[in-house]
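A.B. asks: In case you want the letters, here they are:
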Amino acid sequence: MRELERLLARINWLGLGTIALAFALWEISLRAGFAQYQNLPTPSAIAIGLVEIMSNGQLLADTSHTLLSVLVGWLAAVAIGVVLGLMLGASPMLRRYSLASIEVLRPMPGIAFAPVALLLFGFSLQMELMVIILPALWPVLIATMGAVMGVHARLFEVGRTFRLSRGEILRKIMLPAALPGVLVGARLSMTLALVLAVVAEMVGNPAGLGYAVVREQQAMRPELVFAYVAAIGALGMILNAALTGAVNLLFPAASGRLREVGA
Amino acid sequence: MTADGLGGSTEAEAGLVFSCRGASVELPHQHGARHVLDDISLELRRGEILTIVGPSGTGKTTLLRLLGGLTPATRGAVRVNGALIDGPPAGVIIVFQDYSHALLQWRTVGRNVAFGLEGRLPRGEIEERVRDALRLVRLEAHSDDYPWQLSGGMQQRVQIARALALRPAVLLMDEPFAALDAMTKATLQDELLQVREQTGSSVVFVTHDIEEAVYLGDRVAVITGVPGRIKRTVTVDLPKPREQLVTRQLPKFLELRYLLHQAIGHGGHA
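If you read the sequences in order, they're chains A and B. Residue 162 in numbering that gives the first Met the number 0 sits at position 163 of the first sequence, with consecutive numbering throughout. Residue 268 in numbering that gives the first Met the number 0 sits at position 269 of the second sequence, with consecutive numbering throughout.
No lab work stands behind these hints, which were simulated from the structure alone. Among these hints, one or two may not hold up.
Heads up, incomplete: computed chain A residues facing chain B, CB under 7 Å, no partners named [claimed, not checked]:
| id | residue |
| --- | --- |
| 1 | Arg94 |
| 2 | Glu102 |
| 3 | Arg105 |
| 4 | His151 |
| 5 | Val157 |
| 6 | Thr160 |
| 7 | Phe161 |
| 8 | Arg165 |
| 9 | Pro175 |
Subject to a maximum C-alpha distance of 25 Å in a straight line, what follows is the list of computed DMTMM-like cross-link-like pairs (lysine to aspartate or glutamate) [stated by the list, open to error]:
| id | chain 1 | residue 1 | chain 2 | residue 2 |
| --- | --- | --- | --- | --- |
| 10 | A | Lys171 | B | Glu242 |
| 11 | A | Lys171 | B | Glu139 |
| 12 | B | Lys251 | B | Asp189 |
| 13 | B | Lys184 | B | Glu242 |
| 14 | B | Lys184 | B | Glu47 |
| 15 | B | Lys239 | B | Glu196 |
| 16 | B | Lys251 | B | Asp217 |
| 17 | A | Lys171 | B | Asp143 |
| 18 | B | Lys184 | B | Glu124 |
| 19 | B | Lys230 | B | Glu210 |
| 20 | A | Lys171 | B | Glu47 |
| 21 | B | Lys184 | B | Glu210 |
| 22 | B | Lys230 | B | Glu42 |
| 23 | B | Lys230 | B | Glu196 |
| 24 | A | Lys171 | B | Asp208 |
| 25 | A | Lys171 | B | Asp131 |
| 26 | B | Lys184 | B | Glu126 |
| 27 | B | Lys184 | B | Asp208 |
| 28 | A | Lys171 | B | Asp144 |
| 29 | A | Lys171 | B | Glu117 |
| 30 | A | Lys171 | B | Glu210 |
| 31 | B | Lys239 | B | Asp37 |
| 32 | A | Lys171 | B | Glu196 |
| 33 | B | Lys239 | B | Asp85 |
| 34 | B | Lys184 | B | Glu117 |
| 35 | B | Lys230 | B | Glu242 |
| 36 | B | Lys230 | B | Asp37 |
| 37 | B | Lys251 | B | Glu47 |
| 38 | B | Lys184 | B | Glu139 |
| 39 | B | Lys230 | B | Glu254 |
Ideal Cβ placement from N, Cα and C applies to all residues, glycine included.
The following block holds chain B by itself, in its conformation from the complex:
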């Protein structure tokens, strides 16, 4: 226990928000347990965007839920700021892929964004934070609309604003743009990068889109197999700020994209 405590504090000092050490997850299934994640070791540094990319069915969502405290580790240790995770940690918010289920359809956009703040802050401050969060995702004009009156991309921005209103230290994003069209997706990617610049939040971003992983990430972790394992982690040394047209044409971008395709097993010589 002492060693753990010391390990924790040095990790915190080293600027690690999350650290997974040999974490495995088995989920209950019809016939006994299903092994979803195996021996996951990875870390999230303060202020970085870590993207996790891999094919479907490799446990990406489970990994995110593990970090978000919704699913416990069967083996191994998951720490947030040096402390073992026991339920959803403070300052860590999950942004779910299915925005239509994750939003409170009976509340207006503004009241959805206020959801996490009610009863925790004075009214005036809540209003201010809701306004700021809606401005970050450029939805100031839609505060009084209901979610079902908005397009998919706008609804997902509402969910992101709701998370941002809490000023979280960490955003855990589960394929948030997967259900959106290419143009909306590009816009939201750039918004996310801007928001990160303005708020300094750390982000774990799960996706099955390799280009998205490279474009957004400071580092990319590749997860493959059943049960899912981290196959390799790549540092993305692309210049910032990133720009949709320029960045995606850089030789370095193409090189990373090729590397990740190979790591995932495309091309036959992984």
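So here's chain A without its partners, still in its complex pose:
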């Protein structure tokens, strides 16, 4: 019972009320004819549409494709970003050679790669993954590099006075000290990965939630378009919450430190 009370106390009733009010206004103005858009569905029609794609299995199939692409792409982006970020963070020479190229590549909008990826891989999952991975690795790379460069020099001296090997210094000092920064980058990258997956599915790979939005638009089912947009939003929230939960579970000390610094 205490659990339930605490849960109820955490709910922002005023915020929920605002949302309900907005939906009500939307519904009323369309029904009463205040607003006239040929293809703007009412919230109730969208809700019915959601029930339809949920019950016929379409939503599950589309979501599992997008979820899989996001996870695979994100994991690859994190792996590549962490390795490159560690190397760049630890080696001033490597930074001198490659930082200029990074500063040129990084601000490029990742979406611009979509047609390139389409040329290279055609309408395929590879195309979608390339569109996800390339832009999503930058936040991880930059955050990891910054975190490694920000590890206090004293910690490396502690490692030396305890006569640790280079491998031990990497494993026991550099990686854990940089971890909170890496996690911040990984979270930014997760949000980005979902956006990119949807875009890739809209313009390239004909599968998943992004393609579903386009498909229903062409089928002249606006209520389903909106239902899929809502599903994409929900997937984003679930992914973010799952990642935050996993981080708290796996790295309690790191998340404690993140809270300390207010990140």
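For this one, chain A is given, so just place chain B on it according to the hints.
C.D. replies: Below, chain B alone, put in the same frame as chain A:
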């Protein structure tokens, strides 16, 4: 080389842990090199506390880093147990002044103390040593806390426990109590003296506090000037165990304090 080797072994036989002979340190700086230490000759005998006192900017920390193998000598020779220093020597641990940077903030107190032992000893023995080290600094109850949950004095005790867990032959302490309030400082000074009695470690203790240097030291070396030179070395023949109230009132203590103030250049007739 033969002469060096012989010199080394006689030094080891004479019970010297460290010996510096004419050591100078120049550190790279914006405009060429900066001369930090000049012609340092000093020794650390087994089991003694040597305090090094001097004003800021005279290279005290650099001297400690020289002994700890973090900074190489530009000229002269620094030996540990008769062998020339080449990197951090075994059994010699530095305790840094800035405990908050020196502790691993993502590890609990217990795991910080275990840091130097992991992979070198069986698990059971590590646990035993961590417990012993935490008992020496009276932090047994805080093994599962994180450093950032502790006060400054407690964090510095964690760093000292981490060093003690290795059972080092030598502790090199760089103004370890400088950032602490007077009461905590007095408590930790007495803890350090007790720990030394129990472990027999040799200690080099750097400070800018003359009273602290006299209270803790078996000998005090005064370092002054830029580049820093050892101006004089004084033997502290105060009775042991030392006690905060009694020792600090002894005429001999006051005499030594006066002497060291003069040596540092306070009072105008150094």
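A.B. asks: Evaluate each hint against the coordinates.
C.D. replies: Here's how the hints hold up against the structure:
1. Arg94: At about 20 Å, which exceeds the 7 Å cut-off, the nearest Cβ of chain B leaves the hint on A/Arg94 violated.
2. Glu102: Interface hint status for A/Glu102: violated (27 Å vs cutoff 7 Å).
3. Arg105: Given a least distance of 29 Å, the restraint on A/Arg105 is violated.
4. His151: It holds, given that the least Cβ distance between A/His151 and chain B is near 5 Å, below 7 Å.
5. Val157: holds (5 Å)
6. Thr160: holds (4 Å)
7. Phe161: holds (4 Å)
8. Arg165: Violated. Min distance 13 Å.
9. Pro175: holds (5 Å)
10. A/Lys171 x B/Glu242: Judged against 25 Å, a Cα distance of about 40 Å means the pair is violated.
11. A/Lys171 x B/Glu139: holds (24 Å)
12. B/Lys251 x B/Asp189: holds (19 Å)
13. B/Lys184 x B/Glu242: holds (13 Å)
14. B/Lys184 x B/Glu47: Holds: B/Lys184 and B/Glu47 sit about 20 Å apart, inside 25 Å.
15. B/Lys239 x B/Glu196: holds (10 Å)
16. B/Lys251 x B/Asp217: holds (13 Å)
17. A/Lys171 x B/Asp143: OK: A/Lys171 and B/Asp143 at ~19 Å, within 25 Å.
18. B/Lys184 x B/Glu124: violated (31 Å)
19. B/Lys230 x B/Glu210: Roughly 18 Å separates the two Cα atoms, so the pair holds.
20. A/Lys171 x B/Glu47: violated (33 Å)
21. B/Lys184 x B/Glu210: holds (12 Å)
22. B/Lys230 x B/Glu42: Measuring from Cα to Cα gives roughly 14 Å; hence the hint holds.
23. B/Lys230 x B/Glu196: violated (29 Å)
24. A/Lys171 x B/Asp208: Given pair A/Lys171, B/Asp208 is violated - Cα atoms ~35 Å apart, limit 25 Å.
25. A/Lys171 x B/Asp131: holds (23 Å)
26. B/Lys184 x B/Glu126: violated (28 Å)
27. B/Lys184 x B/Asp208: holds (11 Å)
28. A/Lys171 x B/Asp144: holds (19 Å)
29. A/Lys171 x B/Glu117: Holds, because 10 Å separates the two Cα atoms, which is no more than 25 Å.
30. A/Lys171 x B/Glu210: Distance ~39 Å between A/Lys171 and B/Glu210 Cα, so the pair is violated.
31. B/Lys239 x B/Asp37: violated (34 Å)
32. A/Lys171 x B/Glu196: violated (32 Å)
33. B/Lys239 x B/Asp85: violated (36 Å)
34. B/Lys184 x B/Glu117: violated (30 Å)
35. B/Lys230 x B/Glu242: Status violated; Cα separation ~28 Å.
36. B/Lys230 x B/Asp37: holds (11 Å)
37. B/Lys251 x B/Glu47: holds (19 Å)
38. B/Lys184 x B/Glu139: holds (20 Å)
39. B/Lys230 x B/Glu254: holds (18 Å)
In this structure, the earlier hints numbered 1, 2, 3, 8, 10, 18, 20, 23, 24, 26, 30, 31, 32, 33, 34, 35 are contradicted, and the remaining ones agree with it.
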